[in-house]
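Engineer: From first to last, the protein sequence lines are chains A, B, C, D, E and F.
Going by the working numbering, the first sequence opens with residue 1, and the numbers climb by one from there.
Going by the working numbering, the second sequence opens with residue 241, and the numbers climb by one from there.
Going by the working numbering, the third sequence opens with residue 481, and the numbers climb by one from there.
Going by the working numbering, the fourth sequence opens with residue 721, and the numbers climb by one from there.
Going by the working numbering, the fifth sequence opens with residue 961, and the numbers climb by one from there.
Going by the working numbering, the sixth sequence opens with residue 1201, and the numbers climb by one from there.
It should be emphasised that the hints constitute simulated quantities derived from the structure, not laboratory data.
Just so we're clear, the structure is a prediction, and the values are computed from it rather than from any experiment.
It is possible that part of the hints are untrue.
To be verified - Restricting the straight-line Cα-Cα distance to at most 25 Å, the calculated cross-link-like pairs of lysine to aspartate or glutamate (DMTMM-like) are: (1) C:K523 <-> C:D702; (2) C:K523 <-> B:E367; (3) E:K1003 <-> A:E127; (4) C:K523 <-> C:E607.
Number of protein chains: 6
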Amino acid sequence: MPLDPVLIDTLRGISTATLTMQLLNRGIRRSAMEGVRPLVPMKQRLVGEAFTLAYIPLREDLSGYAVLGRPDYAPRVAIEQAPPGSVLVIDARGEASTGIVGDILVARLRARGVVGVVTDGGLRDVEATVPLGLPIFAAGPAAPPSISGLSGAGMQGPIGCGRVAVIPGDIIVGDQDGVVVVPKALAQEVATSGAEQERLERFIQIKVLAGAATPGVYPADDLTKSEYKEWLAAGEPKEW
Amino acid sequence: MPLDPVLIDTLRGISTATLTMQLLNRGIRRSAMEGVRPLVPMKQRLVGEAFTLAYIPLREDLSGYAVLGRPDYAPRVAIEQAPPGSVLVIDARGEASTGIVGDILVARLRARGVVGVVTDGGLRDVEATVPLGLPIFAAGPAAPPSISGLSGAGMQGPIGCGRVAVIPGDIIVGDQDGVVVVPKALAQEVATSGAEQERLERFIQIKVLAGAATPGVYPADDLTKSEYKEWLAAGEPKEW
Amino acid sequence: MPLDPVLIDTLRGISTATLTMQLLNRGIRRSAMEGVRPLVPMKQRLVGEAFTLAYIPLREDLSGYAVLGRPDYAPRVAIEQAPPGSVLVIDARGEASTGIVGDILVARLRARGVVGVVTDGGLRDVEATVPLGLPIFAAGPAAPPSISGLSGAGMQGPIGCGRVAVIPGDIIVGDQDGVVVVPKALAQEVATSGAEQERLERFIQIKVLAGAATPGVYPADDLTKSEYKEWLAAGEPKEW
Amino acid sequence: MPLDPVLIDTLRGISTATLTMQLLNRGIRRSAMEGVRPLVPMKQRLVGEAFTLAYIPLREDLSGYAVLGRPDYAPRVAIEQAPPGSVLVIDARGEASTGIVGDILVARLRARGVVGVVTDGGLRDVEATVPLGLPIFAAGPAAPPSISGLSGAGMQGPIGCGRVAVIPGDIIVGDQDGVVVVPKALAQEVATSGAEQERLERFIQIKVLAGAATPGVYPADDLTKSEYKEWLAAGEPKEW
Amino acid sequence: MPLDPVLIDTLRGISTATLTMQLLNRGIRRSAMEGVRPLVPMKQRLVGEAFTLAYIPLREDLSGYAVLGRPDYAPRVAIEQAPPGSVLVIDARGEASTGIVGDILVARLRARGVVGVVTDGGLRDVEATVPLGLPIFAAGPAAPPSISGLSGAGMQGPIGCGRVAVIPGDIIVGDQDGVVVVPKALAQEVATSGAEQERLERFIQIKVLAGAATPGVYPADDLTKSEYKEWLAAGEPKEW
Amino acid sequence: MPLDPVLIDTLRGISTATLTMQLLNRGIRRSAMEGVRPLVPMKQRLVGEAFTLAYIPLREDLSGYAVLGRPDYAPRVAIEQAPPGSVLVIDARGEASTGIVGDILVARLRARGVVGVVTDGGLRDVEATVPLGLPIFAAGPAAPPSISGLSGAGMQGPIGCGRVAVIPGDIIVGDQDGVVVVPKALAQEVATSGAEQERLERFIQIKVLAGAATPGVYPADDLTKSEYKEWLAAGEPKEW
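Using the sequences and the accompanying hints, generate a full structural model.
Structural biologist: Encoded structure:
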């Protein structure tokens, strides 16, 4: 069942900074990937369900060139099966010096409607891949092919990426701060509460830019909260 | 089908240093685990087939205390299913500060006939576990329970451990130098050839200890090889 | 007010593996220091209140030889002020290659009744220091003096050590698995509950060594718990 | 006493590359922070006195959401007390994956006249924070809030940041190469001598761009130095 | 003997991503430097023969300011001897926090016809150096002078850089993905075969952008290869 | 010219902890190797002149098995040329997972009168090598042969080892704390002054063990120094 478009829209309006705070308040401290950053300029936040792919360390007999042509090689199957609207999340075991995808595979993923790629490995062919415009979060550019350092191991199982757990179907959100994994079961609740936090922080930022000191304002005490309610009731300016 | 006891015996007589050279000569450069060392004194080399278990990074909702009691939690299933004679190899993603097994699970593995445990994570309860005598290779002692840093993810799939690929059924060999993974398909050939290398090196060491210079001797040139054949024909001293 | 001797005794009977589980069940996941290990053979667990000392990175004008003779230099003041029964915990910012204390300072600490030293830096003069017998947990041996890499910065403030927070007065417990920090406010509760966990695990281990499978036994289900109560009521064998 | 505006101006004209050479010539080899880089485009070099803030590793009972609202929580006090013209330097113990400040706190610091922020932790809310224009040097973007990985510990004490010591009142200088800490007592001397080095290097660069080989010219021998004096006497071209 | 200009031209048309695949197919898995990235915007790929320079760790008596003026100090000799068309490759032992070259030395290298600089150390004076336009690949910006962390040790010997071996005369190729070292003996063969791979991948990319699935297309099976030959025969569009 | 036996004897009586302090007082802060530790039990300190050997990273065409038999391969030449009384110091670029020497080469070095081996790489065949009794300092045990990760590059040039510079002829001293490099030109001065420091510290330790507080005693003030002179004049007990 595809993700509710309203939920996607709501999450797209919430920064990953806000999401991590919402998750922390629900007991999830490990939600932001380490060492994974945006390599393609984005017009809006990346939001989509995780489709997972796993690599293990290279073993020469499992990582020859021929394996790339095998119809059942997991990395190639994943390229053709990740559904439209999903984010392909690839566990490269933090091997930043190994390139996981390049321009041809990214072109294919874009053609198939996949909305982004996230990996703790490297990105190959940066010059040719970035212009394709598909959002990609990775450890950085890396020329060597995947088989120079890794072996494809399976897909749609639970994985780790950037030292965060990812279960197929979790919601992936990415912006300039990096990538956050929202457990599927918490997505709706975090979206509602996060959108409210964003609104409150806009109000606080208006006050701070106008000269308010932070104590009592950030975090908001009861007085600030009642001022906020009045501001909301008066109608939040649309052009924000 | 259990491993041939003669093959096990032959491999037990070959050092991991020799095995890595044999594998390198067959194109396998990545065979020795990084950051994994013996924590229990051993009377002989560890040799057995790999039974694999995989963890992913902690997520708080997947790593609560309750999960340990679930009958389908992979780490607990593996403890009861790894067959006699096997080595339990656990992909802990290099989290040295997280303890993967402790005295109770190790006691159970020993009772079930598992011959060793290998992980790139930590070992808990070192004081109580070491006296059980089961060979354990790990990143070092670590008090925190597995659920403090990891979540069980699955078993008997391809994994990475210490930056080496491990496929279920691969042969695991461990000694003071660490752990080497021998791909199943190469095991017989590597055992035969490695035993021969060990014999030749015993002969070379006799010569070096007697004062021989290394050129022409190590590696052996044709002259040294023919001397070696005579030495072999004369009957290698048994008490070596 | 010195620590209750009964509490010290109870904690001495609990492994750090058990303590980390008790703390995790109370929401504290980060309690075991990383990269800190015992360098002196111990007859029993180290238990004591933390007396804290902080270093910052070296600056050559703050770290000359002369500073060591200044009566107000924090590292030297701490040596003379840490009270009997305390553990001197030193934040060396993980600089494993810098030696923090050596034989003369350790002799003085022992003379003053300090019960142990814990640091994420190095230990100097290992050959002369180990025979003094004072329990020391550190990142490893390191010849260079503290002033080669660090500057003393203050004492009895909140510090980090091995990536764990330490507040003066927290209870430090150390064994072969490493060092765990028990927040002062939780010490009594964790001691009581941890001692009970140790007793239950002794019972479970008896069953496992006798051949029991782990499901239902570890963790204990209701049946196992009632068996345990009977066993307890029957009087736990003293010689365990 | 605020910093002499002439000294600030002189230092603003000296690159951090030149400053590190000047400090090295005075025995200070460790002056440039490691792993700290500019995240906000700057029109001119950052120069100001250090106001220091220290974090220690997370402990869950010290790092809940509620602590952020406590009027005596050091990180919030520092935001309101760092004086105009100062640089807030934050010891985040190198935890690059933890966001230390975000858009609201940065807006408040700017409003209060603080001239920059330096930390070896991460920056949250990069998209909203960068447009505020306040110079920020950090380990990189990181969404998670400070309390997800750290606990506030104190302010205006000696700290470490990027493996360099910082004493309150030291002069902080930052440009595209990163951040250099100038000990307060050396600031005037380094400024005078550094400005002279910059002038001499402009002359050398003119010669090199005109085709001169480097021996005798860089570093300058006596001949080059006398040519330089003539060039200076002739009046250095203003438009450089 | 200078490098064949046709070879240079051919290599300039091949991405480093393609080169690593070509080298891997010839048994060379370690060819792409780790932790080395382009710091100067480039109009075309960097291609040239390696001229090597080696540093060892700092020793204070070998790394004083005076050494920079010695006519036989290797780093200064290399600046004047690296031939036109070469790439100066500097083994900085991965010390990313030490600046290896700055604006004056880079200006001199450019004046002498050296086509680029590659190092696993840092780049000083980024603001003044980047506008000079010479391609520079390094670990990142770093203000401190070379003598703050390293000592010059020799030139034109075999070195390591970014964990890859470099022999004087090897061909260096650098683009947005980083730097690849092509062993001299393989350069012509890799150039020919790599150019063919680039052409085939352009054809595949056309098909993928037009909606083709990857199985059978990437890697190309016999059908795809025959389609490719027809496409080639029909005349590949010039404007690609 | 071989090293003066009296100097060797004096240095053998001085701990590496004392040597690092002596060198620091002469401006040498970087003298103790990082990550290099004793793997063979020693009866006395290792002291000898450095004979240096350098490796670079692996390149498959330079690191095949055949290269080991080439008479001009630097690592094999060094084994036969390092003079009696020297210490073979091997720059393995910190590749702890690559074994640099094993039992046969160590047997040959011992036979030739070399007094020790120091490397920042790994040691192979630990079980067979340790009983040979030659002092070896390395990063730890590692089964894989040198050619699995490195290529021999040259000998008797300046190298780095454990992030310290080593020039052929420097004096190497090793004990339980690790390895210190004493620049040849400073050896006599450091030996004389270090022996005096050891004597003074023996006196201080006697006072501390007898109950003295450290202020004024360690470091020694004028009063303590005059007590020390009396103690010396009275004749230092021989059995110390």
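Engineer: So, for every hint listed, does it hold in this structure?
Structural biologist: Hints, one by one, checked against the model:
Taken as a hint, the K523 of chain C and D702 of chain C pair is broken in the structure, with Cα atoms around 37 Å apart against an allowance of 25 Å. This hinted pair checks out: K523 of chain C and E367 of chain B have alpha carbons roughly 12 Å apart, not beyond 25 Å. Taken as a hint, the K1003 of chain E and E127 of chain A pair is honoured in the structure, with Cα atoms around 12 Å apart against an allowance of 25 Å. Of the pairs offered as hints, the one joining K523 of chain C and E607 of chain C holds, with about 19 Å between alpha carbons and a cut-off of 25 Å not exceeded.
Hint 1 from the earlier list is the only one contradicted by this structure; the remaining hints agree with it.
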